Every structure is written in C-alpha cells, then in structure tokens.
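Chemist: Chain residues, written in single-letter form:
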Amino acid sequence: MSETAVIIETIVKAVVVLSVVAGMGAFATWIERKVLAFMQRRLGPMHVGPYGVLQLAADGIKLFTKEDIIPQNALKPIFVLAPIVAATSAFVAMAAIPYFPEFTVFGYTVHPIVSDINVALLYVMGVASVGIYGPLLAGMSSANKWSLLGAARAVVQILSFEVVSGLSVLAPIMMIGSLSLIDINDFQSGGVTNWLLWKQPLAFLLFAIAGFAETNRSPFDTIEFEAEIVSGFATEYSGMRWGLFFVGEYANMITIAVLVSIIFMGGYNPIWFIPGAIVMLLKVSFWIFLFLWVRAAWPHVRPDQLMWVCWKVLMPLALVNILITGIVLV
Amino acid sequence: MTVKNFKTLFENRYFIEDSGAFIVEKSNILDALHVIKNRDNYTLLLDMTAVDYLKKDSSKARFAVIYILRHSDFSQILMLKVYLDATLTLPSVTSLFKSANWAEREIWDQYGIQFQNHPNLKRILNHKEFIGHPLCKDYPITQGQLCTKTDDLMDEMTPLLKSKGYENFEDLMFLNLGPAHPASHGTIRNFVALEGETIVSTVSEIGYLHRGFEKSCENHTYNQIIPYTDRLNYCSAILNNIAFAHTVEGMLGVEIPQRAQYIRVIIGELSRAIDHLVCLAAMLVDMGALTNYWYLYNPRESVYTLLSKLTGARLTNSYMRIGGVSRDFYEGFEEDLRYSLKDIQKGVGDTLKLIAHNRIFHDRTQNVGIIKKDEALNRGITGPNLRACGIAYDLRVAKPYYGYDTFDFNIPIGSTGDVYDRMMVRFEEIEQSIYIIKQAMKRIPKGDIMLNNHSIALPSKQSVYTSIEGVMNQFKLIYEGVKVPSKEYYDAIEGANGELGFFIVSDGSGTPYKVKVRPPCFYAMSALPSMIEGGMIADAVLSLGSLNIIAGELDR
Chain A
1 MSETAVIIET IVKAVVVLSV VAGMGAFATW IERKVLAFMQ RRLGPMHVGP
51 YGVLQLAADG IKLFTKEDII PQNALKPIFV LAPIVAATSA FVAMAAIPYF
101 PEFTVFGYTV HPIVSDINVA LLYVMGVASV GIYGPLLAGM SSANKWSLLG
151 AARAVVQILS FEVVSGLSVL APIMMIGSLS LIDINDFQSG GVTNWLLWKQ
201 PLAFLLFAIA GFAETNRSPF DTIEFEAEIV SGFATEYSGM RWGLFFVGEY
251 ANMITIAVLV SIIFMGGYNP IWFIPGAIVM LLKVSFWIFL FLWVRAAWPH
301 VRPDQLMWVC WKVLMPLALV NILITGIVLV
Chain B
1 MTVKNFKTLF ENRYFIEDSG AFIVEKSNIL DALHVIKNRD NYTLLLDMTA
51 VDYLKKDSSK ARFAVIYILR HSDFSQILML KVYLDATLTL PSVTSLFKSA
101 NWAEREIWDQ YGIQFQNHPN LKRILNHKEF IGHPLCKDYP ITQGQLCTKT
151 DDLMDEMTPL LKSKGYENFE DLMFLNLGPA HPASHGTIRN FVALEGETIV
201 STVSEIGYLH RGFEKSCENH TYNQIIPYTD RLNYCSAILN NIAFAHTVEG
251 MLGVEIPQRA QYIRVIIGEL SRAIDHLVCL AAMLVDMGAL TNYWYLYNPR
301 ESVYTLLSKL TGARLTNSYM RIGGVSRDFY EGFEEDLRYS LKDIQKGVGD
351 TLKLIAHNRI FHDRTQNVGI IKKDEALNRG ITGPNLRACG IAYDLRVAKP
401 YYGYDTFDFN IPIGSTGDVY DRMMVRFEEI EQSIYIIKQA MKRIPKGDIM
451 LNNHSIALPS KQSVYTSIEG VMNQFKLIYE GVKVPSKEYY DAIEGANGEL
501 GFFIVSDGSG TPYKVKVRPP CFYAMSALPS MIEGGMIADA VLSLGSLNII
551 AGELDR
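Protein chains in written order, with the working numbering: chain A, 1 to 330; chain B, 1 to 556.
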C-alpha cells in the first residue's frame with residue numbers, strides 16, 4: 001500500500017472516530033438525563049422532539065449562540081487555550097483504541113483503529129493524562145477563587161488516581177506481555193471464561209474505581225461539585241468554551257468504558273452468535289449505564305476522604321496485586 | 001414560680017410586675033442572671049428584646065430590656081426586666097449566655113441600646129450604613145433608606161485570626177460562602193479564611209432578607225399579622241400561624257374549640273413533616289445524593305396539593321385565625337391525607353434504603369459539625385438540633401398544649417450532636433408526626449372550628465347580611481381588630497426548627513404595641529462558626545444544611 005493511501009485512510013478513520021465519539025458523547029447526555037430521570041421518578045426532557053431526543057440539538061444551538069464571556073482579570077490566552085487542551089487530549093487518546101474486529105469491505109481489509117501502536121495502552125493513558133492541564137489552566141487563569149479551588153482539587157485527584165490506574169493495569173500487562181490493545185484483546189479470545197476479569201479481579205476493581213475518579217464522575221466528582229465550589233474550574237466559562245470541557249469529559253468517559261471493556265471484559269471478541277462489534281457496543285453501553293447508575297445512587301466523597309482511599313487503600317492494594325501476579329507468573 | 005435563690009438573694013431589690021416579669025435594677029442584672037442561671041437552673045436564655053414605651057407609658061423609663069429564660073426542666077419560663085436610664089447602656093451578659101451575643105446586637109441595632117463589654121457590638125439585621133434605630137417608636141414606619149456599601153467583614157475577621165495566632169494573612173485565602181452560593185440556603189453570607197480547604201475562621205453576616213416584620217406588625221391588626229407570619233419560616237407556614245394565634249389567644253385568656261385544636265395538631269404536624277422533608281432533601285443534594293431530592297420532594301408536593309385544597313394556598317397558607325381556624329376540612333380530606341401520609345412514608349423509606357447503610361454517607365455526616373450538649377443550650381439552640389445533642393426537650397412534651405399529652409409519641413434524640421444525628425432525628429420525627437396525625441384523625445370530635453365569641457370571631461355571613469348587629473360586629477372586627485387586653489406576654493409552641501415563640505406587648509387596642517418573634521434558627525445560626533471551624537468547605541456546607549436555616553425567619 002502506498003504511503004498516500006495510508007495517510008488518507010488514517011485521516012478518514014480519525015474523522016470517523018472523532019465524529020462518532022462526539023456524536024455518542026452528545027447522545028450520552030440525553031441518555032444520562034433520561035436514565036437519571038427514570039431512577040429519580042421524573043420524566044427528564046420531554047418537549048423537544050419525541051421523548052425529548054432533540055434536546056441535544058437544542059442544547060448545541062444554545063451553547064453555540066451563547067455570549068462568549070471572558071472575565072476582565074482572566075489571563076486571556078490561557079483561558080482560551082484550556083478548554084481546547086481538555087477536548088483535544090480526550091480525543092487524541094482514542095487514536096490507539098481498536099473499537100471493532102477488522103472486517104473486509106469489497107475485498108479491502110479495514111482495521112478499525114486509527115493507529116496500531118505497539119505501546120497503545122501507554123499512549124492512551126499518557127495522552128489522556130495531558131487532559132489534566134485543561135482544568136489546571138482553566139482554574140488558574142480564571143481569576144476566581146472557586147476556579148482555583150476546583151483546579152487544585154482536579155490536579156490532586158487526577159494525578160493520584162493515575163497512579164492507581166497505572167499500577168492496576170500493570171498486572172494484566174505482566175500476564176500478557178504486550179502493551180498493544182489488540183494483543184490484550186486477542187489474549188482473551190475464546191469466550192467469557194477467558195476474560196481477564198476472572199484472573200485479575202482486584203486489578204479490574206481498582207481500574208474501574210480509578211476510572212470513575214479520573215473521568216470526574218460521581219461519587220468522585222468533587223472537581224466541579226456545585227454545592228461546595230460552585231462549578232469548580234469551569235465557573236467562569238460559558239457557551240462553547242464550557243461545552244468543550246463538557247464534550248471532553250464525555251469523551252473521557254467513553255474512553256474509560258472502552259478501555260475497561262478491552263482490557264478486562266474480553267474486548268471485541270464475539271460471544272456465542274453475537275458479532276464482536278455488537279458485543280463491544282453492549283459492553284460500552286453497560287459501562288456508561290453503570291456510570292449513571294452510580295451517580296443516581298450514591299452521595300459524594302469528601303476530597304480528603306478520596307485522597308485517603310487513594311493512597312492508603314487503593315495504591316497498596318495495587319502493589320500487592322502486582323507482587324502476587326509476579327509470584328504466580330514466576 | 002420557683003426562683004428561690006433569686007428571691008432570697010435579691011430581697012427588696014426586685015419587684016414583680018403585672019406581667020409576671022421580675023423587675024431588676026440595672027446594676028444588679030449580671031448578678032441576678034448569674035444566680036438565676038447557676039442556682040435556680042434557668043439555663044436556657046430563650047430570647048432578649050427591648051420595649052420602647054414612648055407611646056404607651058413612659059412614666060418609669062422609655063426603654064426596658066427583657067430577658068426570657070427557660071428552666072432546665074423546660075416547662076417553666078421566667079421573664080426578667082430592666083428599665084434603662086437616660087444613658088441607654090446595660091452590661092452585656094454574653095459571658096453567661098452565648099445566645100446573648102446576637103440577641104444584644106439585635107437590640108442595639110433595633111433600639112440603639114448599648115451593651116458594655118460586648119465582644120462585637122455592631123448592627124446585625126440592618127445595613128451598616130443605616131441611620132437610626134427602626135424599632136424605636138419615633139422612627140417613622142415609612143422611612144426607607146438606601147444603603148449600598150458592602151461590608152468586607154475584616155473588622156471582625158482580623159481580630160479573630162489574631163486571636164488564633166495568625167500574624168500575617170498571606171498564606172490564607174479569604175472566601176465568601178454566600179450570599180449567592182448554590183448551597184447557602186437563602187441569602188446568608190459566611191466569610192471564611194481558608195488554609196488549603198480547611199476553614200480557619202468564620203464570620204457570618206445575616207440580614208439580607210430583613211424586611212422589618214416586627215415594625216410592620218405594629219401597624220396591623222392581629223389577624224392581619226397572620227399572613228406575615230407565613231413568611232417567617234415559609235417551609236412550615238402553618239406552624240408559624242399557630243404559634244402566633246396561640247400566643248394571642250393566651251393573651252385573651254381563651255381556649256379554642258376542641259375540633260379547632262385537633263385541626264391545628266393535624267395540620268401542624270403535617271407541616272412539621274414537610275419542613276423536615278425540605279431540610280433533608282436540600283441537605284442530601286448538598287451531599288450529592290441527588291436522587292433523594294425527588295424521593296423526598298414528591299411527597300411534599302402531594303402535601304402541598306392537599307394544603308392548597310384546604311387553605312387555598314400552597315406555601316403561605318394563612319390558615320389560622322385568632323380564635324380558631326379559617327375553614328373546616330373539606331369532603332374527602334381524610335382520603336387525601338391518607339394518600340399524602342403514605343407518600344411521605346414511601347419517600348422517607350426509599351431515601352433511608354439508599355443512605356442508611358451507605359459508607360460514603362456515614363463518612364460524610366458522622367462526627368462532622370459537632371455541637372456539644374452544654375454548648376448547644378448555652379447558645380440557645382432548640383428543636384431537632386438540640387435533640388440531636390441528646391437533650392430531650394420538646395415543648396409538646398415539656399409543656400403540652402392542644403392535648404399533646406394525650407397522644408402517644410416518642411421524642412427521638414441523638415447522642416453526638418453531629419450532622420448525622422440531626423438528620424436521623426428529623427427522619428424519625430417525620431414518622432412520629434405521622435403517628436400523631438393518625439391518632440388525631442381517629443379521635444377528632446365534631447363541632448365548631450371558631451370560638452363562639454363575637455369580640456374575637458367574625459359573625460356568620462347570614463347575620464352580616466340580615467342584621468345591623470352583624471354588620472357592626474363585622475365592621476368593628478375588621479376595622480379595629482380583635483382587642484387584646486393590655487399585657488406583656490410570651491408563649492411558644494414547638495416549631496419545626498425548635499421553640500417558636502412570640503413576645504407580644506399589647507396596649508388594649510386591636511393592634512399590637514410590639515411583637516417579637518423568637519426565631520429558632522437565629523440562635524442556631526449564631527452557633528455555625530464554632531461548628532465549621534477546623535473542618536473542610538464540604539463539611540461547612542453540610543453543617544449549614546443540617547441546621548435548617550430559613551432566611552425568612554432568621555432575618556425577619
């Protein structure tokens with residue numbers, strides 16, 4: 001295959017992934033409202049379109065047409081840059097994620113991954129962690145005390161939990177011997193019993209918990225919790241700049257859902273008669289539903305309690321897990 | 001009254017007024033309060049207020065300050081009164097009762113009476129730019145003032161921080177939690193100094209919602225005041241109605257018909273239940289447990305539907321009248337009530353299922369915002385907030401009214417006095433209120449709902465339209481109001497937030513000479529800084545929520 005063809009193919013894939021994930025993210029906001037409403041004995045959006053489906057279009061129009069306010073004392077260039085960092089890092093991280101098994105169209109084999117890097121997992125986690133600069137820069141440039149508090153909370157929380165998520169995936173990597181997500185997926189081919197979930201239950205739990213914290217989802221959404229710090233780092237943002245943070249957050253949520261599905265829950269290997277692509281979609285949907293379910297059921301954790309859990313409970317557990325895995329492997 | 005020690009120690013130095021208040025000389029007031037508190041066990045300073053006798057009888061002195069105390073058995077009340085000389089100064093009693101701190105500030109603000117040795121005598125309800133003292137009888141009721149400057153509160157914060165050993169404040173961050181903060185229930189401002197996210201010290205500013213309730217009362221007849229009382233604690237408007245009507249009926253020396261008493265018990269308890277629902281729902285939202293908000297607010301909605309059918313209004317019901325209630329239960333009320341009660345029980349049950357055994361909930365609420373027994377009493381905290389500390393004081397039991405002694409119910413109490421206890425006490429009180437309502441519905445007698453007394457109750461429409469006596473009776477009652485004999489009188493009921501009392505001075509006309517509310521959350525709010533200092537912002541939000549501060553009542 002010529003080089004140009006590869007470039008064109010990659011660009012097409014990137015655009016497809018970007019638009020599909022952005023679309024899914026937007027759709028997820030509607031799903032979130034509906035699911036939460038169902039659990040909370042109310043209706044959720046009902047007026048725009050059938051069952052309020054078009055609510056997301058209305059929200060989009062609102063965000064785009066809203067006045068763009070930059071506070072007088074804010075550091076303008078950084079204030080403008082911050083939401084872009086947040087959204088880009090979330091989407092760039094998706095480049096190394098395989099979503100479906102490869103398939104053939106008109107004799108042409110499509111690999112549904114933008115770029116198959118052999119250190120994919122490292123790449124995804126590394127790039128996603130650049131996202132921390134979003135809230136940090138936003139909070140520090142806003143010239144607002146609530147934003148500053150939110151930024152401090154964001155940095156402390158995301159940095160701490162990256163340690164946990166990094167250590168927890170180390171054990172599965174030791175078993176598989178590869179950082180490529182495709183290898184990790186192939187390792188689990190052969191049915192539900194081959195899922196890593198059963199071999200590494202502790203790593204799975206730790207990774208999932210860290211995922212909740214890193215995506216800033218309840219019960220760990222201390223970063224912009226309204227009752228305490230108004231809106232955290234996003235207090236001064238309005239319109240589409242705020243919207244970019246929002247989109248980035250949902251993209252992160254999808255990334256984590258995909259990662260958990262691939263690493264621990266058998267990835268896109270087909271189950272019984274269900275093809276791999278559908279299996280993957282179901283798994284990701286399940287995780288997003290779980291995010292919402294948890295949000296509806298539990299109160300928040302206090303930031304210092306969250307740190308306590310992270311450093312005194314989760315991190316030692318992750319280390320112990322690595323140790324045990326190592327002993328078993330040797 | 002059993003004030004043995006006071007009487008022996010202050011022999012010949014006090015006398016008793018018609019109102020039952022003990023009159024003490026200004027020079028003796030500190031000693032007298034000391035004896036009354038420590039030897040006669042009047043440990044709870046309920047309220048302090050002043051009266052301006054300019055237009056009534058200023059032969060003795062123009063101003064008098066009144067101390068209302070409650071015995072540690074919680075049933076007896078003692079009123080102590082001091083007439084002031086021309087200097088308008090009085091020693092502060094904050095060293096004996098912490099509740100006097102804000103009470104004295106309020107008197108200074110409203111009457112211009114100065115308290116010597118007060119730690120921080122500045123205005124509390126009115127704005128700092130305000131000129132004059134509005135509750136003085138020579139302050140015209142219509143004279144508004146435009147005040148624009150904000151208070152940076154550093155005059156209070158700086159000494160507070162210095163007393164805690166902070167010399168320069170470079171490492172501290174000053175932050176306004178309110179008045180427009182998502183979790184400040186109503187417009188309340190807490191100015192905090194932060195070290196990281198830990199609160200080092202707090203200064204509260206209230207008065208954003210001050211609208212001169214007490215001044216307005218002096219310009220209206222007794223029945224016209226009832227809609228005003230709705231706006232005090234608007235989460236349980238009916239209990240405010242009852243407290244006011246009950247006090248005025250006490251001054252008139254009348255007892256309302258049995259059926260009216262039962263209606264007051266039933267609707268009052270329903271009102272208490274929804275007040276607690278609001279507090280709990282809002283608190284759980286502050287904690288991020290959003291789902292419980294709907295679980296607790298939906299039943300409140302069904303109660304509002306019932307109340308609007310019964311009283312014509314959802315929030316500000318104005319259901320009581322002096323001498324009874326405005327209308328009887330409608331047809332089908334019992335069934336609606338049963339539905340509403342079932343709704344409440346379901347909502348409470350569902351919420352408890354979600355949180356009662358939730359570790360996150362426990363970690364957030366237990367040992368947070370603690371207030372100790374003695375401290376709580378000293379600060380004048382009453383109601384569920386006091387019961388959460390482990391003191392079983394409930395006026396419905398301590399000094400039963402409306403036949404509460406004939407009902408079978410329990411007073412839930414806590415043990416630690418933290419946020420968790422305050423919440424759980426409220427959850428259990430909802431259950432107990434429902435239990436009382438069910439008993440009352442079984443026993444409610446038939447009969448009148450208003451006193452059959454033409455000097456208090458309006459005549460029937462039939463007689464107004466057909467007889468001259470009826471017309472005149474209606475005219476006099478509407479135009480001049482219910483005439484209350486000249487008295488100084490305090491009475492209270494158990495409001496949703498604690499002891500809700502009214503101190504009323506009447507001059508024999510249809511308009512009160514002076515009205516003073518004893519708002520339970522005024523005293524609870526004054527305790528907030530001591531509860532949240534040393535905690536995190538997240539704890540402060542929960543502590544504020546758990547006290548159930550209602551700005552309408554706080555600022556009046």
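One thing to keep in mind: the hints can contain errors.
Said to hold, decoys possible - Under the rule of at most 35 Å between Cα atoms (straight-line distance), these lysine-lysine pairs were calculated in the DSBU-like manner:
| id | chain 1 | residue 1 | chain 2 | residue 2 |
| --- | --- | --- | --- | --- |
| 1 | B | K7 | B | K56 |
| 2 | B | K309 | B | K7 |
| 3 | B | K60 | B | K487 |
| 4 | A | K34 | B | K487 |
| 5 | B | K164 | A | K312 |
| 6 | A | K66 | B | K56 |
| 7 | B | K353 | A | K76 |
| 8 | A | K199 | B | K162 |
| 9 | A | K34 | B | K309 |
| 10 | A | K34 | B | K60 |
| 11 | B | K476 | B | K438 |
Think of the hints as simulated: they come from the structure by calculation, not from any bench. The structure displayed is predicted, hence computed values, not measured ones.
Chemist: Which of the stated hints cannot be reconciled with the structure, identified by number in ascending sequence?
Modeler: 2, 4, 6, 7, 8, 10 and 11
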